[in-house]
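Quick note: to get the numbering used here, add 45 to the position in the sequence shown (first position is 1).
In case anyone wonders, no lab produced these hints; they're calculated from the structure.
There's no promise every hint is true.
Unchecked claim - Computed spacing ranges between beta-carbons, pair by pair:
(1) Arg202 with Asp305: 50 to 56 Å
(2) Met280 with Lys234: 16 to 22 Å
(3) Arg91 with Gln218: 15 to 21 Å
What the hints assert, rightly or not - Computed list of lysine-lysine pairs in BS3-like fashion (alpha-carbon distance at most 25 Å, straight line):
(4) Lys85 with Lys139
(5) Lys87 with Lys139
(6) Lys234 with Lys188
Cβ atoms here follow ideal geometry from the backbone N, Cα and C, with glycine treated the same way.
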Amino acid sequence: MIAPAQSPRVPRARVQRRPVHGVLLLDKPLGLSSNDALQKAKWLLRAEKAGHTGTLDPLATGVLPLCFGAATKFSQLHLEADKTYETTVRLGIKTTTADAEGEVIEQRPVTCTAGQVVEVLDRFMGSLAQVPPMYSALKKGGKALYEYARAGQTVEREARHVVIHDLELLDMQLESDAPFLRLRVSCSKGTYIRTLGEDIAEALGCGGHLSALRRVATGPFDASACVTLEDLTAMDEPQREARLMPVQCLLPDHTTVTLDSENSGRFLSGVRRRGDWPDLDRVSVFGENPAALLGSAHVKAGELIPGRLLSPLEIQQILERSPVNQPVLAQQA
46 MIAPAQSPRV
56 PRARVQRRPV
66 HGVLLLDKPL
76 GLSSNDALQK
86 AKWLLRAEKA
96 GHTGTLDPLA
106 TGVLPLCFGA
116 ATKFSQLHLE
126 ADKTYETTVR
136 LGIKTTTADA
146 EGEVIEQRPV
156 TCTAGQVVEV
166 LDRFMGSLAQ
176 VPPMYSALKK
186 GGKALYEYAR
196 AGQTVEREAR
206 HVVIHDLELL
216 DMQLESDAPF
226 LRLRVSCSKG
236 TYIRTLGEDI
246 AEALGCGGHL
256 SALRRVATGP
266 FDASACVTLE
276 DLTAMDEPQR
286 EARLMPVQCL
296 LPDHTTVTLD
306 SENSGRFLSG
316 VRRRGDWPDL
326 DRVSVFGENP
336 AALLGSAHVK
346 AGELIPGRLL
356 SPLEIQQILE
366 RSPVNQPVLA
376 QQA
């Protein structure tokens, strides 16, 4: 018997990677994981190195800052940033995952009034102790919680301290076939909006789950400045590069210190510099000539102590690429 002829394999085109430095504000699409979105943007920019500043669920859309090259050194700082979300809580139906991706586990009638909704929302303002959901990436015993959940196991989780800065009721429908609340939530890092929505619905006596979630702001970054993957794909390479923000946009609350050429070189070598600066916890350090970000630092007892530093090669590459090299200066020390 003669085996059927095999069609020739078409080799995949290899992407020639290159150094790219800066921050891309991506409007993450529905249904895509944060890492998948990152990898698509990385491929489109042909970037050598990339990372993001905290995940969004596949169900969620909105602001996802992506860091490239030297910006990855400061991405951890942005994990501390406050976030703002707009979300829809479907009342009366509980799911396994507290969102629309899970299986329905309970249905109850919605009998609450508009006045009760306002009263309950007031109770969720300020400092809260929130128990992370089982369907989350937090680890216990070396395994992610969602691994236990998929195996039908529930493990004990410690409550986490979070802060709800603002909780605004944008819209509600209590008497329809699909009753819902639409909320705008401004909160501290680590807040699970799925858990918040589920807890609010439980306090209303009907239970519920998130049917939609969109992050509209994170730290200083707003959804109005974001680009979609669809638009990014349609751009040519110079247009994509033009969407990159400079690395120092990740340091908006840092006080700026500028060093002359001699002190810049020593600072980049990790050597502390002395000056008449006050004590400062967060400093962004720039060179004077050429004007370029050197890294982060803090000041104690008149000493400028290096933190995360760019390499001379990274600085050279940034200076060669406009407009990413334009300094964004914070408060001058």
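We went through each hint and held it up to the structure:
Between Arg202 and Asp305 the Cβ separation comes to about 52 Å, which falls inside the hinted range of 50 to 56 Å. A beta carbon spacing of about 32 Å between Met280 and Lys234 contradicts the range 16 to 22 Å that was offered as a hint. A beta carbon spacing of about 47 Å between Arg91 and Gln218 contradicts the range 15 to 21 Å that was offered as a hint. Proposed proximity of Lys85 and Lys139 is contradicted: the alpha carbons are some 34 Å apart, above 25 Å.
Proximity of Lys87 to Lys139 is assessed by CA-CA distance (about 37 Å); at most 25 Å being required, the pair is judged violated. Taking the CA atoms of Lys234 and Lys188, the gap is near 22 Å; set against the 25 Å cutoff, the hint holds.
When the structure is compared with the earlier hints, violations turn up for hints 2, 3, 4 and 5 and for no others.
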